[in-house]
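Number of protein chains: 2
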Amino acid sequence: MVYDAKFFKEKRNIDVFLYHEATRILLQRKAVMIRNTATGEGKEYSYDKLLIASGARAFVPPIKGLDRKGVFTLRPLEDGIAIKEYIGSNSPKNGLLIGAGYIGMEMAESFTEAGMKVTVVEKMPSIVGTMDDEITEIIEKELNSKGVKLLKSKAVAEFAGEDSRLNRAILDGGEMIDADIAVVGAGLRPNSEIAREAGIELGKTGAIKVNQRMETNIPDIYAAGDCAESYHLVLGRNVYIPLATTANKQGRVAGENIAGGEVSFPGIVGTAIFKVFDLEVGRTGITEKEAKVEGIDYVSNVIEHGSRAPYYPGVSPIRIKLLADKKTGRLLGAQMVGREGVSKRIDVFATALTVKMTAHDMRNLDLGYAPPFSPPYDPILIAADELHKKLQGKG
Amino acid sequence: MVYDAKFFKEKRNIDVFLYHEATRILLQRKAVMIRNTATGEGKEYSYDKLLIASGARAFVPPIKGLDRKGVFTLRPLEDGIAIKEYIGSNSPKNGLLIGAGYIGMEMAESFTEAGMKVTVVEKMPSIVGTMDDEITEIIEKELNSKGVKLLKSKAVAEFAGEDSRLNRAILDGGEMIDADIAVVGAGLRPNSEIAREAGIELGKTGAIKVNQRMETNIPDIYAAGDCAESYHLVLGRNVYIPLATTANKQGRVAGENIAGGEVSFPGIVGTAIFKVFDLEVGRTGITEKEAKVEGIDYVSNVIEHGSRAPYYPGVSPIRIKLLADKKTGRLLGAQMVGREGVSKRIDVFATALTVKMTAHDMRNLDLGYAPPFSPPYDPILIAADELHKKLQGKG
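Chains A and B, in that order, are what the protein sequence lines are.
For the first sequence, the working numbering assigns the number 1425 to the initial residue and increments by one for each residue that follows.
For the second sequence, the working numbering assigns the number 1425 to the initial residue and increments by one for each residue that follows.
Zero decoy hints are in this set.
Covered stretches of chain B (chain A as the covering partner; in silico rule of three or more C-beta atoms under 8 angstroms from a C-beta of chain A):
1) 1659-1671
2) 1684-1692
3) 1701-1711
4) 1762-1768
5) 1775-1782
6) 1792-1799
Hints are computed from structural coordinates only; laboratory data are not their basis.
Glycine included, every Cβ here is placed at the ideal spot set by N, Cα and C.
Isolated chain A (complex conformation):
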């Protein structure tokens, strides 16, 4: 998207083979079998250093009628273009989204703005599974107020229609939903098969296991991006959270090391932000749900405070949920939702998590104050202070 093959050749003298697929890694020969997808021809390329950057693909649940016209996944880029073209030429009236994750939320907004009546079907009992209920309840209200219909704990069994086109979806229980376009956004799976088949170690997540230098367990083979795991600085172990920012950083580190450098990517803290209609939503670290699964002894707190000085036009409430380790007070995670001022405030927490700050340390941070941008006590400081009091048994 950003660069093309010509750019790489001309500016950096890198050969890019489009329409070529790597089919097998031959460890002993330090080579890769490459198939020209246009001609079907296969050829062996040898390497000194190899980077696997094979990305991820959309997970598509086993639903009948996936091949109907009007049914899309949202990966890779071509899917996005195809969806746009389909909307342009078919003017669908009823949009159906399978999965209420970040993509589902963003698509709900896009489809509504394209004039569709939108239904979101989520198989779990709550939307945006990477967040806790105190945050998702506000997102649900926003979806409601914009006319988006939300069906939780439901799954689509079949995409149906009169001809080859999608006209309706049938839920597991038999319920029918009008739909002339549907997007399945049920998460990503790493394209790690080529690595696994070569005997390169995968993590428990199914993605390629790498160290901080982005090296796999096989010498001279690196992996980076959506096909690889990341080290989670709060959890203290590898996770699979495929996001563009992480992929970018991993790619740089792998590239620099392959070129003889000596750099490392320390890891992530699980930061993610998205926009859904008039809401900004963000999270970093771990949620209460995750803390429970991990068996971590935590204290959590929810506060609401204004985005600007109370008298300043445009002020709106920001809700923050924080988690800290009960014994040490170390911050474990932050979630936030509001109409403004969320995305960068989450970055303050992400920075704090990276350096293992406590709620006590955070409440004294020297954050900026000006009436158009924050109240004298920023919501960040209020949240940290309240959590600190709770940790001390005074909250």
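Place chain B on chain A using the hints.
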């Protein structure tokens, strides 16, 4: 403003004596002389613990005609109300601002929006002295584009007029400026006289010297807010930077310790943000100017990058200037200007400065990414990465 005397009495059983002035602290007797400003009557009040929270006053340079109608300072609150009333009943056409600091910038916007032709006179060769030229040149462009006239390296000698009102200002060189309202915003001075006269130690800044518990050098006497110094975590010594956020935090810490608690205020990093017309401006840590004065061996860098994904509507450039210690790479300061997304990004740097992060550490931060709010590589990461390269001699 936020609470009144009645609130304190009813909700917290605290007696508040309005129209009373503390005139002397009697250390030996652990008492304070209080004068009722309405009756002139004096009375002695004894204390177990004493908090000095006497604030600051506007510094007013020696200009002739300061007593003319239409000449204001911007401290205390009453001045703001008086200015508003004066504008309402006199509809001034030409507004004059003495001093191009934060207040001068904010007033330039307010006066322009109130329909005035605005002139700002600054005695130093650059505006907003707490920032470097790479930032202030963008602010100057903005002021220009909004029709604000800027006179640098100039000082007002006299406020003049036909009757008791202000009609014009005369500069040191004799130049005349039409002005029917003027605001003098030439900085603040701590109200520390009562402390000094009692023998309480002041810092080199002239403000009351306090430790992290907000204790003065005299047992049982505390100071907090705009009358007191703060410890600067980057400079490693006390400074006088009177800002509302710091005052709030110091007050809480002093109060908690006076009530028998054991808390401390670690210090500040010099964060400040303000809005001027369509610009957000922020700074934290120290500037290049300050680093030179301090004799610190630094490396600095200036970058410009988009506030959102390049294709997202509303994207605008953010300029960031960073400073790091040349030997250790430890971040020393950040300055930023742009049309959006500045105020909270500065908070990320403020957090990083607090924990003494290096440029190298910062470039790997797991900051949020979503097209409406940031590019995949946030301007923060680009700035840190470029500075890191420069530190390594690769920039």
